[in-house]
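Input sequences plus hints: build the corresponding full structure.
So in our numbering, spot 297 of the sequence shown is number 297, and the numbers just go up one at a time.
It is worth saying that the hints were derived from the structure and are not from the lab.
Do not rely on the hints blindly, as some may be mistaken.
Stated by the list, open to error - Derived CB-CB ranges, DEER-like:
#, residue 1, residue 2, range
1, K172, D462, 17 to 23 Å
2, D420, K124, 25 to 31 Å
3, D473, K273, 33 to 39 Å
4, G382, L270, 46 to 52 Å
Said to hold, decoys possible - Computed list of lysine-lysine pairs in DSSO-like fashion (alpha-carbon distance at most 30 Å, straight line):
#, residue 1, residue 2
5, K487, K184
6, K60, K325
7, K153, K325
8, K357, K138
This structure is a prediction, so every number in the text was calculated from the model and none was measured.
Here a beta-carbon is modelled for each residue, glycine too, at the ideal position from N, C-alpha and C.
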Amino acid sequence: MVDISLLSLLFLIFLLLASIEYKNRRLHQRRPPSPPGFPIIGNLHQIGELPHQSLWRLSKKYGPVMLLKLGKVPTVIVSTSETARQALKIHDLHCCSRPGLAGPRDLSYNYLDIAFSPYDDYWKELRKLAAQELFSTKQVHAIQPIKEEEVKKLIDSITESASLKTPINLNKTCLALTVSVICKAAFSVSFEGTVLNSDSFNKLVREALEMLGSFSASDFIPCFGRIIDWFTGLQGRREKSVRDLDAFYEQMIDLHKQENKQGSEDFVDLLLKLEKEEAVLGNDKLTRNHIKAILMNVLLAGIDTSAITMTWAMTELARNPRVMKKVQSEIRNHMGSRSTITLDDTDHFKYLKMVIKETWRLHPTTPILLPREVMSEFEINGYTIPVKTRLHVNVWAIGRDPDTWKDPEVFLPERFVDSDIDAKGQHFELLPFGGGRRICPAIYMGTTMVEFGLANMLHRFDWELPEGMKVEDIDIEEAPGLTVNKKNELLLVPVAVKYIDH
1 MVDISLLSLL
11 FLIFLLLASI
21 EYKNRRLHQR
31 RPPSPPGFPI
41 IGNLHQIGEL
51 PHQSLWRLSK
61 KYGPVMLLKL
71 GKVPTVIVST
81 SETARQALKI
91 HDLHCCSRPG
101 LAGPRDLSYN
111 YLDIAFSPYD
121 DYWKELRKLA
131 AQELFSTKQV
141 HAIQPIKEEE
151 VKKLIDSITE
161 SASLKTPINL
171 NKTCLALTVS
181 VICKAAFSVS
191 FEGTVLNSDS
201 FNKLVREALE
211 MLGSFSASDF
221 IPCFGRIIDW
231 FTGLQGRREK
241 SVRDLDAFYE
251 QMIDLHKQEN
261 KQGSEDFVDL
271 LLKLEKEEAV
281 LGNDKLTRNH
291 IKAILMNVLL
301 AGIDTSAITM
311 TWAMTELARN
321 PRVMKKVQSE
331 IRNHMGSRST
341 ITLDDTDHFK
351 YLKMVIKETW
361 RLHPTTPILL
371 PREVMSEFEI
381 NGYTIPVKTR
391 LHVNVWAIGR
401 DPDTWKDPEV
411 FLPERFVDSD
421 IDAKGQHFEL
431 LPFGGGRRIC
441 PAIYMGTTMV
451 EFGLANMLHR
461 FDWELPEGMK
471 VEDIDIEEAP
481 GLTVNKKNEL
491 LLVPVAVKYI
501 DH
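This is the structure:
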């Protein structure tokens, strides 16, 4: 028999060697540089009202891979196209999950967690459903009549303002257009004669996006965070936002359950049919909470983003009259005497597409991509990114990186001439829709909405500044939120251009 003392000695030697190996491995791991923080809160005090700008300034000092301690949560920020490529392409599978969502846990809105689901079978099948049913090329072309109808209403409204020579609020105008198109396409409803009017709905969407984009204490300090959020009023605002959203979802579902509902099948009809058939997503049957979660993703991701891009594009065009004239000339030369633009026409507007890309570069609608959670350890630029770390990509900072873009603060669409850079997630210099497995599935729908809306406004009207205002008076101050709109209203005076349709 083997002596027990010898076995004990061998076991101790094994433990010693394993301990040495573990320590050596830890010594060879490199943590990303990190700004000094305070106990408990970590670096939370360094995150301002506009987190993407705060993180951009910090990255200038601490580098393109930066570790922050946001309360108890280790968070890595990447701020260049190369580090984004490593995270979203090379190591995408290691960090494509989502962290848990903090929120009003005393309310029974479990679909909040479903809407921001981790990387699992449910999420994969949900993404497949969305891509095939709602955001496919076929569906985009199917809803084109809705776009044309709503754009015609928009043109008529702007024409009335042009006849009176009064400025219009383009923030509200662009949002009203996308609200009308998305709500009719996804929900088969308009706000004419319904309980919730368009102004109330717009406020509902903006508040929800601001709450989702806020850095709340309960996200990062489990023990005292709720108390802090209650004291600041954030907890109450979150709860009210969720209640208002839930009431909207219930209203939409009730409208679709009415037997006398008219019109073709939309996305809500499809989901209710799947619920009735007890369809399975992942390991669970499709439930009412799943439907609400899907509606939340459609609502918050689909409505605000296109409107924001159009608003920023018109802002930059008003600030750059040369670019405004050039893009209008392209559209008008192609259209000739025709006033009605079709979806096929937009394929010919190459310079307009450059204007939109440049707008996305300087004003990405989601300046910091939604957080990912690291599922298995990997490295970026030689720095170790441990499991359970949250990872953010600062798209806003990438668009202003002087190593990637010449004169990054200048609005210059010509930088995309003879460039193959697009917004489909494979060129990490430009990520308005994200990249990797978490890329937005509605790229084509969002892009065509922006192109079609802008092309019509630029074709049918010249745009002048209100009396007494100069180009240099147009500001580009940003409003806080998950998506970042222009803080102050963009007021321009439309001047109608006459055409003769054939």
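Hints versus structure:
1. K172 x D462: 17 to 23 Å: holds, 20 Å
2. D420 x K124: 25 to 31 Å: holds, 30 Å
3. D473 x K273: 33 to 39 Å: violated, 53 Å
4. G382 x L270: 46 to 52 Å: Holds, since G382 and L270 (Cβ atoms, about 47 Å apart) stay within the stated range.
5. K487 x K184: OK: K487 and K184 at ~27 Å, within 30 Å.
6. K60 x K325: violated, 36 Å
7. K153 x K325: holds, 25 Å
8. K357 x K138: With a Cα-Cα distance of about 24 Å, the restraint between K357 and K138 holds, given a limit of 30 Å.
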